[in-house]
Amino acid sequence: MQTTIKQKMTALAGDQAVAYAAKQSDVDVVAAYPITPQTIIVEKFSEYVANGEVETEFVCVESEHSAMTASLAASATGARAFTATASAGLALMHEMLFVTSGCRAPVVMAVANRALSAPLNIHGDHSDSMAQRDSGWIQMYAENAQEAYDSIIQAFRIAENLDVLLPAMVGLDGFTLSHTLENVETLPDETVKEFVGVRKFPNVLTHNGKTVPFRLDPANPMTMGPIALQNYYFEFKRQQEEAMTHAVNVIQQVNSEYAKISGRSYGNGLIEGYGLEDAEVVAICLGSTAGTMKTVVDDLRQDGVKAGLLRLRTFRPLPVEAIRSALANVKAVAVMDKCLSFGGNGGPVFHEIRHLLYESANHPYIVNYIYGLGGRDTSPRKLRSIYETLQDILQAGHVKTSIQYLGLRG
Amino acid sequence: MTTKEWKFTAKDIAEKPDLFLAGHRACAGCGPATVLRMIMKATRGPTIVTEATGCMEVVSSIYPYTSWAVPWLHTAFETAASNASGIEAALKIMKKKGRISQEHVDVIAFAGDGGTFDIGFQALSGAVERGHDFLFVLYDNEAYMNTGIQRSGGTPHGAATTTSPAGTLIPGKLEYKKPIADIMVAHGMPYVATATPYYWKDLMTKVRKGLEVEGPAFLHVFAPCPRGWRSNPAKSIEYAKLVVETCVFPVWESVNGHCQLSTPSKLVALAPQKKKPVADYLQGQGRFRHMFKPKGKQLLDEIQRITDARWECLLRRCGETPKTA
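Protein sequence lines, in the order shown, are assigned to chains A and B. The first sequence lines up with residues 1 to 410 when you count with this note's numbering. The second sequence lines up with residues 1 to 325 when you count with this note's numbering.
Any given hint could turn out to be false.
What follows is a list of derived Cβ distance ranges for each label pair [said to hold, decoys possible]:
{"#": "1", "chain 1": "B", "residue 1": "Gly131", "chain 2": "A", "residue 2": "His94", "range": "25 to 33 Å"}
{"#": "2", "chain 1": "B", "residue 1": "Leu21", "chain 2": "A", "residue 2": "Met9", "range": "36 to 44 Å"}
{"#": "3", "chain 1": "B", "residue 1": "Ser125", "chain 2": "A", "residue 2": "Lys210", "range": "31 to 39 Å"}
{"#": "4", "chain 1": "A", "residue 1": "His94", "chain 2": "B", "residue 2": "Asp308", "range": "43 to 51 Å"}
{"#": "5", "chain 1": "A", "residue 1": "His94", "chain 2": "B", "residue 2": "Asn232", "range": "36 to 44 Å"}
{"#": "6", "chain 1": "B", "residue 1": "Leu174", "chain 2": "A", "residue 2": "Tyr232", "range": "41 to 49 Å"}
{"#": "7", "chain 1": "B", "residue 1": "His187", "chain 2": "A", "residue 2": "Glu194", "range": "39 to 47 Å"}
{"#": "8", "chain 1": "A", "residue 1": "Lys237", "chain 2": "B", "residue 2": "His187", "range": "35 to 43 Å"}
{"#": "9", "chain 1": "B", "residue 1": "Leu174", "chain 2": "A", "residue 2": "Lys210", "range": "29 to 37 Å"}
{"#": "10", "chain 1": "A", "residue 1": "His94", "chain 2": "B", "residue 2": "Ala234", "range": "43 to 51 Å"}
{"#": "11", "chain 1": "A", "residue 1": "Lys237", "chain 2": "B", "residue 2": "Lys16", "range": "32 to 40 Å"}
Simulated crosslink set (SDA-like; lysine to any residue; CA at most 20 Å straight-line) [what the hints assert, rightly or not]:
{"#": "12", "chain 1": "A", "residue 1": "Lys237", "chain 2": "B", "residue 2": "Tyr63"}
{"#": "13", "chain 1": "A", "residue 1": "Lys237", "chain 2": "B", "residue 2": "Cys318"}
{"#": "14", "chain 1": "A", "residue 1": "Lys210", "chain 2": "B", "residue 2": "Tyr65"}
In short, the hints are calculated from the structure, not lab data. By construction, the Cβ of each residue, glycine as well, lies at the ideal position given by its N, Cα and C atoms.
For reference, chain B alone in the conformation it holds in the complex (with noise of 0.2 Å):
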């Protein structure tokens, strides 16, 4: 099933009502809860959504209070995508048998870094696998939150978590990131994409398409979490904007195998001059404050090498010619 347009301007999203509603008990500058919101807005008809357990599904779900103005589901921790499952096959079965309204119903699933990097990845690899028609949508505040900030498959390396401290022996996290988004590309899915909620237009198209995909997409969106970064809640936006800007996180999408940059990325691939370092997002971050100690630097340096690698990868992969500044 398509839908006609998503063009997403500004009057088209106020007037569609919230589906992630206002009263939720997240913390001020929460980037989790400004995606679901987003997210939410670029439903395309009738949706049912479930959630791992995490910051998200706390925070919105306190009985006898809701924040969700759609069908929603919450079983488990690892559960998301099994959830997603098991939905979608009762909706296609009850559909045949005459025993729903709808035309169509959109499935999404909402897990966090831990629901999707670590404790419920056998879940969502095996519903990819399979095959099921659903949107799982991966909000990565980079630690396991909900339970405290501990570290996660999805804490980058060097950052400070309450389980990987940065003491005087070991700086922060030793291990680096899982490339999440890369695996489930590896699944053979027709639709992965990144997005972080700054460029909120390119968030909010990408959502659509995973929808309007038949089958399974993943939408790896960055999510910044001032609580357990240490930074200040007034700036989660800019970080949203910083990492993509010094392609730490790139945007990107594939679409059947094929991937390409998008535009915010694209810009900088075309101007690498423009290109930030690396340093210019980890600053305030109390998660990274050790780095920019004396002792740090070789650190520092190291993250930079390696988002650069990354970068030109990524920029192989999308058919574009790594230029150097």
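For reference, chain A alone in the conformation it holds in the complex (with noise of 0.2 Å):
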């Protein structure tokens, strides 16, 4: 894709791509408590707070919970907020993370994703945001530090849509990203500046009767946050339901959008095909998984093997139709999770994916592989494995192990 705007190619690592993301995106207020591996983003904003680089409130708060609360509250007031986190930091938000998500508060978050204690593991995996999938959040997963700068940008256009109105989350994994540096091309600030331009309000209907910006505001009073009972409560969280199927549109129209101004996209927003369109043996992931899964594909091309790979960049909104029309025609899937649902029959992805196929014409076979947890080192040559075990399904003719797990010791 051409674009004629000129980019600069950095040296980042995917903390420093995500600090730089959100020092371009003009935020309002940055409320952040630092934890490994997320710290860089942290301490990389205070920087540019420090050198007069962003015209930002940095509250340096004394807990995630706070971190989450303050930037709800500052969303709220009509601020863009920003924040960061990983693993027992994320945990330690939950409560608020329902609130922000409830509160309708399009706030921009990135989780360097991390292993959750016990036994203390600081190391990567998707245990941390995958225990908040049901919390309203946007969810995407970046594959390498390019991704992470551009989902970051483009979370602010997504959460802020006036069709959208939710808080989300960037994730990218802990160390393999956080801390590895690559080469990253970054647009100029003016171009994002625009790109994201001036947070907007949708017009709302108060107790008194009046239409005003939906912010905190004392020209035009509302109340924000408050009880409500088995009279309305059910309609709110309906709304919230709703505003996640806009996104499903919003995701895509975003990254042809994006595309436009850097020349990057991330297949249409929500999933990314890597040689699915004559696949037979499909395996999908989230993050940086990808990166390597995609040579393996191609070697395994190169022996003839009609392997795919389906990247899920957007877990929520989960992109219902766009996996199950990538899957159409294949026959045996391996679906590999970064996270276990303890007694849950295998993990999140799996079910999901497993789930939608249900209304499918063709079911191909399925199998959930268990992987990486706490960032246990996944080499080309076991994930090679996964696509051998799926073809020695389709010759068998049946499943045998619905559930594996990969580069388990003994």
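With the hints as a guide, dock the two chains, each given alone in a separate frame, to form the complex.
Printed below as a string of structure tokens:
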């Protein structure tokens, strides 16, 4: 794709790329608390503040709980708010994640995905954000530092879209992406500023019958975060679900618009296929694993295997139609989960993919691979074995073990 | 930003429209509802209010109704101070960027004793340490009333609650009330005060002072709860007087660490013979009923002793010489 905007190539770790994107996105308030492997984001942003490079109020809060609360309150006041966290920090935010989406505050958050305790582990897996999948947040997972940068910028546009108004989190794999230097192309400041624009507010009807912009403004008093009981609560929740439906379209639009200024797009914004067109055996994964998987697919293709990869870029809202049509002619699918749902008969991504395939005309064979927990390294050889298993299934005509553990000791 | 006067004459107060409106669902004799109405009468200009989960939040915001004529935000139980932090930070930067029209907006955070002494304390301490410009109002009805009268860090020694019942073995709450206002003074914050709704002018003046201060201000307001205290709803305001006259809850203020008694307590200090026994205040409240049985005498005496000791400690802190009656 051609673009006339001159971009700058810089060596950035994922965290630095995220901080840089937030810096360029005209963020009003950043309220954050340090936690590995997210720390570089807040450190970097503090430097921008200390050097006067941003017009941002940086609130160095005393916990992640307050980080999320202050972000939500700033957003409710009309500010563009950004925060970042990981693992235990995200778990501590849990309560407020629901309040933020329920208050329809379009906060954007980077999550440097990391394992949850116990035992304590600082390395990457998806247990932290998967545990928040029902919190009403949009969830996107980046494959590399470049995408982390691009996704943060896009996330503001998606979250603040008046048909959406939902908070959005962008996941980047702890250490694999957060701390690894990559070449990242960055857009000029003005281009990003123009792309994200100034935050707009929908008009809402208040208790006294006035139509006013949806924010805390003494000129137009509004009660936000009220108590709503059996007679109204349900409708609030249904509206959040509707907003998620709208997000499916908005994410695709923003992905295309962003491609026009940057020359970069990620599939249709929801999913990205690699070798999917004629694939018989397909693996589905999120995040940085896709990078390695693509080379595995290339190798398999050279060996004449019709292998493909489906990378789920957006996990919430779950792109049901896009996944269903991408898998329409596939014969065997392996769903990869960097997370366990204890006692739940497989990982969370597996549950959802198998669930959405129920209504497909042709059900492919489907297996689940739990892998990479606590940052366990997953080599190309191991990833290749997934496709080999799928081929075995096709040959045997049945699935022997539907839930498998990749790279598990002993 | 300073405003010229805060006379708060009855006429001034009557002429200022209510910002905490009638029609809320608080109980008869509710101390906190009276306190909130008075406080909202003492605001000085554009104001945003945020509130912790609790009685006042629940009674004032049942969707689709509201008692708030100012912008108001509730998020959770432990978040009054972190809400205020986010609001204040947003106002600051949005003003700088020309995105709000007001010259200045005051931020008031309300929380009950649960949302202040206990679950909200971390956020409060953090917000004060960071120096956000806001007024935190603790309306203290001395237990978790909204969930059904459970003990909190603000429940006084000996009080019966549903989780510290006066039983045959244990006579109500064994622990002592956390000295929350002293703890806030220890944060080195510019303004800390205590008040009760009986001394309404004192209360409203302190609200205004708290708003005028640049940086965080903390106001600890005693707020009787007839439902939770098993007391007569008609006597709530009387208890708000007795609690000061018995020195169980003296009224004072600390400006930049300099502590002084407010007039109602100063009068007791000047005329110690007028200091009433704690029994005058405790009597009639069901939560202290067990103290007025023969077996409760020891507890009652202990409360008198502790109250006297604390009062003398406060007198010394305020530069007053303790006098014996």
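Hint check results:
no.	hint	result
1	Gly131(B) - His94(A): 25 to 33 Å	holds, 28 Å
2	Leu21(B) - Met9(A): 36 to 44 Å	violated, 59 Å
3	Ser125(B) - Lys210(A): 31 to 39 Å	holds, 38 Å
4	His94(A) - Asp308(B): 43 to 51 Å	holds, 46 Å
5	His94(A) - Asn232(B): 36 to 44 Å	holds, 43 Å
6	Leu174(B) - Tyr232(A): 41 to 49 Å	holds, 42 Å
7	His187(B) - Glu194(A): 39 to 47 Å	holds, 44 Å
8	Lys237(A) - His187(B): 35 to 43 Å	holds, 39 Å
9	Leu174(B) - Lys210(A): 29 to 37 Å	violated, 52 Å
10	His94(A) - Ala234(B): 43 to 51 Å	holds, 44 Å
11	Lys237(A) - Lys16(B): 32 to 40 Å	holds, 39 Å
12	Lys237(A) - Tyr63(B)	holds, 14 Å
13	Lys237(A) - Cys318(B)	violated, 53 Å
14	Lys210(A) - Tyr65(B)	holds, 14 Å
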